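Line order of the protein sequences matches chains A and B. Start counting the first sequence at 1; every next residue gets the next number (the working numbering). Start counting the second sequence at 331; every next residue gets the next number (the working numbering).
Take these hints with a grain of salt, some might be off.
[Unchecked claim] The calculated lysine to aspartate or glutamate pairs, modelled on DMTMM-like cross-linking and capped at a C-alpha distance of 20 Å, are:
1) B:LYS557 to B:ASP626
2) B:LYS592 to B:ASP626
3) B:LYS582 to A:GLU46
4) A:LYS259 to A:GLU317
5) B:LYS611 to A:GLU46
6) A:LYS259 to B:ASP626
[Stated by the list, open to error] Residues of chain A placed beyond 12 Å of chain B at every Cβ, according to the derived structure:
7) ASP75
8) GLU104
9) PHE186
10) GLY226
11) LYS241
12) GLN279
Just so you know, these hints were derived from the structure itself, not from any lab. Remember, predicted model here, so these are calculated numbers, not experimental data. Cβ coordinates follow ideal geometry from the N, Cα and C atoms, glycine included.
Number of protein chains: 2
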Amino acid sequence: MADSEAFDFQIARIIDVIRDTNATVVGLQFPEGFKRRASGIAHEIEEATGSQILISGNPCFGACDIDVDLAHRVDILFHFGHAVLDDSSYAQNVYFIEVRSNAEIEKVVNKSLKNLEGQRIGLITTVQHVHKLQAACEILRSHGKVCVVGKGDAKIAYPGQVLGCNFSSARTEPCDEYLYIGSGYFHPMGVALSTGRRVLIADPFVNEIRELDISKVLKQRSAVIGKSLDATLFGIIVCSKPGQERMQLALKLQNMIRKHGKDARIIMMDLVTPDQLLQFKVDAFVNTACPRLAIDEVGRFNAPMLTPPELEIVLGEKKWEDLVFDEITA
Amino acid sequence: MADSEAFDFQIARIIDVIRDTNATVVGLQFPEGFKRRASGIAHEIEEATGSQILISGNPCFGACDIDVDLAHRVDILFHFGHAVLDDSSYAQNVYFIEVRSNAEIEKVVNKSLKNLEGQRIGLITTVQHVHKLQAACEILRSHGKVCVVGKGDAKIAYPGQVLGCNFSSARTEPCDEYLYIGSGYFHPMGVALSTGRRVLIADPFVNEIRELDISKVLKQRSAVIGKSLDATLFGIIVCSKPGQERMQLALKLQNMIRKHGKDARIIMMDLVTPDQLLQFKVDAFVNTACPRLAIDEVGRFNAPMLTPPELEIVLGEKKWEDLVFDEITA
């Protein structure tokens with residue numbers, strides 16, 4: 001079931017849009033997990049419409065990560081796998097094809113009932129499963145639970161949806177605990193840190209309930225903060241991707257660092273990787289790009305990489321107890 | 331001597347330009363080998379001018395590879411290590427700081443005399459040493475040789491300069507053999523393949539003369555061509571970097587492939603790496619981006635990667651004897 005065959009790429013709708021708009025040059029952008037389907041989908045669309053297809057070969061990690069260059073070269077760019085972000089207006093010719101999963105969630109939600117301890121259950125998921133949240137709610141309610149599906153801020157397209165950089169839908173209403181429908185660990189970790197509540201993972205692909213343990217990531221973050229306490233030169237990373245660019249925050253952090261008698265350089269880049277930062281000789285990095293980077297790639301950079309909230313702890317502007325995941329909110 | 335301390339970053343000139351133009355936001359872009367100097371140079375410029383400095387963290391492989399996004403965000407972008415290309419007009423606020431090497435070349439040129447066999451010697455080098463070609467010529471002439479320093483096409487800023495994708499200065503006038511001043515292998519290999527002549531490498535950093543042997547790279551290219559003979563689906567790579575974008579060539583190759591009853595998809599990307607192409611399931615790639623990629627990264631892609639001239643051999647449009655390096659000429 002984890003195979004991408006179980007996802008709906010909406011080819012018929014895409015062909016209709018191309019015909020309706022008379023698009024002759026069409027771009028296709030896929031996140032990494034769907035790129036292996038690119039050639040077949042391109043062939044199908046080209047056969048049906050006769051349009052010239054350009055496939056984006058660039059990495060793609062979210063709706064924040066539109067291939068703006070490709071969007072400028074084509075009549076329409078179809079961006080697969082993510083829901084629109086509120087700030088996507090920079091590319092008017094981008095269509096978001098959300099690629100909903102066909103995975104059944106009833107079984108795993110039923111299975112979760114014996115592990116749920118609270119009364120008010122917050123339901124959270126990624127865009128691939130948002131269309132199944134109503135069914136999940138009904139199961140919870142039929143077993144006497146209160147089901148909470150929070151609206152979230154303007155970056156969130158659907159109630160109950162969370163992004164790797166935005167857990168606002170989990171904070172809309174107070175809950176006793178959360179049930180995350182999906183397979184990854186990052187989104188539920190963000191919710192746990194952001195709300196201080198227990199999060200259960202209901203993985204519909206393997207029909208498994210997993211209890212989330214955030215102690216390992218908290219230890220890692222403490223180590224990164226500890227290693228940065230003596231830093232005197234920071235490299236503040238700013239990403240040029242439209243949905244990740246936080247230059248104002250970077251300038252604010254640079255000022256804050258200098259106020260503390262230390263110094264910082266601003267490094268502007270598209271794709272942030274450990275390899276690409278290897279040549280920059282600083283004592284610590286501060287990442288204002290995708291908040292996941294510092295967490296997912298921990299230990300792989302040549303200097304400790306802090307998130308903006310962690311920098312404030314390093315500088316003594318905030319307390320260790322205030323540690324949360326970095327978010328890009330509306 | 332190979333240390334970058336031996337290079338001239340023209341800091342005083344940069345400070346003058348910033349003061350003269352009243353630039354308040356300044357971008358700095360370095361090729362990989364100079365990135366470790368970025369923080370120190372940024373500090374020096376900021377101290378002297380008070381301008382806000384943004385350092386490009388993106389990979390940079392040539393004058394073809396301007397950080398256009400950064401250029402749009404700053405008043406002036408200083409691009410280090412490369413001479414201007416003729417088609418750099420897309421970014422009017424880019425200053426090229428060529429970073430000349432202070433390495434002495436007299437000794438190694440004198441040393442080369444006993445290895446030179448011909449009479450008319452073509453002198454070639456990269457931009458780091460072009461200011462030393464006159465001195466090299468005088469040494470050759472004083473020993474009875476004829477010294478040829480070809481002008482090259484419009485992509486070439488200085489007589490005798492070669493790029494990794496342009497050996498036109500070596501073809502300007504016929505020579506018996508070539509003397510390449512520099513440390514790498516790629517540029518002299520391109521000259522050898524492009525002219526069919528012997529090329530000697532005079533490496534001023536280690537004071538060593540090396541005879542170029544192109545047999546290994548020819549064997550590798552033959553293997554890549556051989557492995558692609560049965561390919562039915564090609565992935566044609568087009569780079570979005572302004573100095574590397576060859577969409578018209580890609581479309582021509584796609585048509586040519588289809589004329590032969592095979593098929594091709596066009597993949598558009600910024601940074602071309604083996605990792606980033608891993609998910610694309612094709613029988614062979616054709617690279618219209620930086621010509622070095624197919625050569626330098628041979629065997630590291632998940633399918634054989636051809637250059638455009640090699641594709642023509644695969645399709646039977648050209649003969650194996652016609653094999654040359656791919657070039658981006660004016």
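Going through the hints against the structure:
1. B:LYS557 to B:ASP626: holds (18 Å)
2. B:LYS592 to B:ASP626: violated (27 Å)
3. B:LYS582 to A:GLU46: holds (17 Å)
4. A:LYS259 to A:GLU317: Holds, at about 11 Å.
5. B:LYS611 to A:GLU46: Holds: LYS611 (chain B) and GLU46 (chain A) sit about 17 Å apart, inside 20 Å.
6. A:LYS259 to B:ASP626: Given that 20 Å is the threshold and the Cα spacing comes to 46 Å, the pair is violated.
7. ASP75: holds (14 Å)
8. GLU104: holds (27 Å)
9. PHE186: Nearest chain B Cβ is 21 Å from PHE186 (chain A), so the label holds.
10. GLY226: holds (23 Å)
11. LYS241: violated (10 Å)
12. GLN279: violated (4 Å)
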